[in-house]
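There are 2 protein chains.
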Amino acid sequence: MEISKENISSWLMDLQDSICSALEMADGKSEFIEENWTRDEGGGGRTRVIKDGAVLEKGGVNYSAVFGEAPEFLFREKEHSGEKGIATSSKPGFYASGVSIVLHPFNPFVPIIHMNVRYFEMDNGTRWLGGGIDLSPHYIFEEDARFFHETLKAVCDKHQPEYYSKFKLWADDYFYIPHRKETRGIGGIFFDRLNESAEMSFEKNMAFWKEVGLAFAPLYTELINRNKHKSFTESNKHWQLLRRGRYAEFNLVYDKGTKFGLETNGRIESILMSLPKTAGWEYNFVPEKDSLEETTQSLLRKGISWA
Amino acid sequence: MEISKENISSWLMDLQDSICSALEMADGKSEFIEENWTRDEGGGGRTRVIKDGAVLEKGGVNYSAVFGEAPEFLFREKEHSGEKGIATSSKPGFYASGVSIVLHPFNPFVPIIHMNVRYFEMDNGTRWLGGGIDLSPHYIFEEDARFFHETLKAVCDKHQPEYYSKFKLWADDYFYIPHRKETRGIGGIFFDRLNESAEMSFEKNMAFWKEVGLAFAPLYTELINRNKHKSFTESNKHWQLLRRGRYAEFNLVYDKGTKFGLETNGRIESILMSLPKTAGWEYNFVPEKDSLEETTQSLLRKGISWA
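If you read the protein sequences in the order shown, they are chains Y and A.
This note's numbering puts the first residue of the first sequence at 1, with every later residue one more than the last.
This note's numbering puts the first residue of the second sequence at 1, with every later residue one more than the last.
Extracted from the complex, chain Y is given alone in its bound form:
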């Protein structure tokens, strides 16, 4: 199939469909509600949200495709990176489409997950792919963390042996909360501005990129099934609130996708679907010694080799 923005967007909508079906099956109770929206400046999206499921308390699987004049900060970023070839006096058109997922489960032993695959092009010929999957367990279980990273490594290795270590490092750096000196979760893979290199054509990168999208549903349903029957206490729910608080901090203070959305007059309800149904903060909370919470806290750092 020819690579065109139409084909890519069509593939993304199919991906959204298949992921929603898989998640509804895994949840067993709730279904996604769909809302279509349009953006004044061009394009729109198909937001799908789920709430109060047996497993999924709140979340969304959102597709969007927006276009128009490229926003100014894209040029600023270009200038900073030293890239050339774009006249800042005339604004080229851009087209950006993608699928973004954030899921907050009710059971604190089921992890929060985030996935994004995105395509970007400008009518001057620039185009790139970005995306990634990362996991934010309220409680980190080493066997789940290894399974998660090994699955992502296998997806990467199939296409380019250097990608896993490179994109794992990128995720460690990206999903970091500097003011807390901790990572948001156990990371995963993150990549941006993939186009073509000596070894990887754009087509090859796209094949990798698609496989990241397709890996999401089996990966997360496995993690759901491993943990959804575990019983939990009030204290576990309290810790979940605090972890969700950190998640909200990261997304509101640092996440580039959120900032991009807020700065480009994106659809607020679709952007902020990433926030949990409830979150909490407690002054100077310190986990009990030798608790599961303390173990989790100690593993919220960069550079752990899970795979």
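In short, the hints are calculated from the structure, not lab data.
There could be a bad hint or two in this list.
Note: identical chains are not told apart, hence a pair may lie in one copy or across any two.
In silico BS3-like cross-links for lysine-lysine, where the CA-CA straight-line distance does not exceed 27 angstroms [what the hints assert, rightly or not]: (1) K289 x K51; (2) K181 x K237; (3) K51 x K181; (4) K91 x K259; (5) K210 x K153; (6) K181 x K166; (7) K277 x K181; (8) K237 x K51; (9) K166 x K277; (10) K5 x K256; (11) K51 x K277; (12) K91 x K256; (13) K29 x K237; (14) K302 x K158; (15) K237 x K277; (16) K259 x K277; (17) K289 x K237; (18) K259 x K181; (19) K302 x K259; (20) K181 x K256.
Note that this is a predicted model, so its numbers are computed, not measured.
Got chain Y; can you put chain A on it based on the hints?
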């Protein structure tokens, strides 16, 4: 009394003491817990937090006085404003002290309140005062809103008849959440970089500034006493969660004090004491027609004359 940073800081610590006493009296159950901290680069603070009170679920009354080399962004800001006289090659020393308060009550009919009074000087002679009080009711009652603004207007009018309208406008603009197209609450007064003008000497401005600080305790205890006995439902608590979510959004995305703290390696737990014990988000929540929630939502906008 001579105006010196030592005298100002001493006055601020007394203010913190008297406000904490008044709040403990009004709460009737919980007491503030104090933590002293030091900042590696110079200075430190006296954090006082309260939790699980009869009225106050979570909050803090924090004093800090920090000093050292003025952080770079202060110069950048200066350059943008066109002010002159500071060589960017050498960094002058700065001293900043203040009292910051955020209180989140348990009862959704008691409003969230925020107050800040701050003093800043650089060793090149630059100095200014800033501060303000603003109210974020979960439910807006017009009589309380009028009382709140009329009290602030009286404080302003006593010193400078132009201040209330000017600083009320400033608060409307400052405590605004652009991505929600709504204000954080009903505003109040906000001012920054007060030093001296033809009509107001620095001493006169300081007298005004002190009165803002002293107005806080009687103002908030009155609002507590008016509302603390009101009974509430699960639905009121749910709305409170959503309003707290907006409060967290404002503080994490826009608040300059929070940004300043995060960027200058401030003490995170003291900065983020402003966040509520719990907060919540719901996709596309729309209040019921003719409900108290709908009335409140309709009043979350700039430019309402309350006094």
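Structure-based check of each hint:
Proximity of K289 and K51 under a CA criterion of 27 angstroms is satisfied inter-copy only: 23 angstroms between copies versus 35 angstroms inside one chain copy. In this assembly of identical chains, K181 and K237 lie within 27 angstroms of each other by CA distance solely inside one copy; the values are 23 angstroms within and 33 angstroms between copies. For a Cα distance limit of 27 angstroms, the shortest separation of K51 from K181 across copies, 25 angstroms, qualifies, whereas the shortest one inside one copy, 31 angstroms, does not. Taking CA atoms no more than 27 angstroms apart as the test, K91 paired with K259 passes inside one copy only; the shortest distance there is 21 angstroms, against 31 angstroms between copies.
In this homomeric assembly, K210 and K153 come within 27 angstroms of each other (Cα to Cα) only inside a single copy, at 15 angstroms, whereas the closest approach across copies is 61 angstroms. When the C-alpha separation of K181 and K166 is checked against a cutoff of 27 angstroms, the pair qualifies only within one copy, where the shortest distance is 22 angstroms, while the shortest distance between copies is 40 angstroms. When the C-alpha separation of K277 and K181 is checked against a cutoff of 27 angstroms, the pair qualifies both within a copy, at 25 angstroms, and between copies, at 21 angstroms. Taking the shortest alpha-carbon separations for K237 and K51, both the intra-copy value of 18 angstroms and the inter-copy value of 19 angstroms come in at or below 27 angstroms.
Proximity of K166 and K277 under a CA criterion of 27 angstroms is satisfied in neither setting, with 33 angstroms inside one chain copy and 38 angstroms between copies. In this homomeric assembly, K5 and K256 come within 27 angstroms of each other (Cα to Cα) only inside a single copy, at 23 angstroms, whereas the closest approach across copies is 40 angstroms. In this homomeric assembly, K51 and K277 come within 27 angstroms of each other (Cα to Cα) both inside a single copy, at 9 angstroms, and across copies, at 22 angstroms. With identical chains, the CA atoms of K91 and K256 are at most 27 angstroms apart within one copy only, with a shortest distance of 21 angstroms there and 31 angstroms across copies.
Taking CA atoms no more than 27 angstroms apart as the test, K29 paired with K237 passes in both settings, with 21 angstroms inside one copy and 26 angstroms between copies. For the homomeric pair K302 and K158, the shortest alpha-carbon distance inside one copy (25 angstroms) is at most 27 angstroms, but the shortest distance between copies (56 angstroms) is not. Both within a single protomer and between protomers do K237 and K277 lie at most 27 angstroms apart by alpha-carbon distance, with minima of 13 angstroms and 13 angstroms respectively. Taking the closest pair of Cα atoms, K259 and K277 come within 27 angstroms of each other both inside a single copy (20 angstroms) and across two copies (25 angstroms).
Taking CA atoms no more than 27 angstroms apart as the test, K289 paired with K237 passes inside one copy only; the shortest distance there is 18 angstroms, against 33 angstroms between copies. Taking the shortest alpha-carbon separations for K259 and K181, both the intra-copy value of 21 angstroms and the inter-copy value of 16 angstroms come in at or below 27 angstroms. For a Cα distance limit of 27 angstroms, the shortest separation of K302 from K259 qualifies both inside one copy, at 23 angstroms, and across copies, at 24 angstroms. For the identical chains of this complex, K181 and K256 are neighbours both inside a copy (18 angstroms) and across copies (21 angstroms), given an alpha-carbon limit of 27 angstroms.
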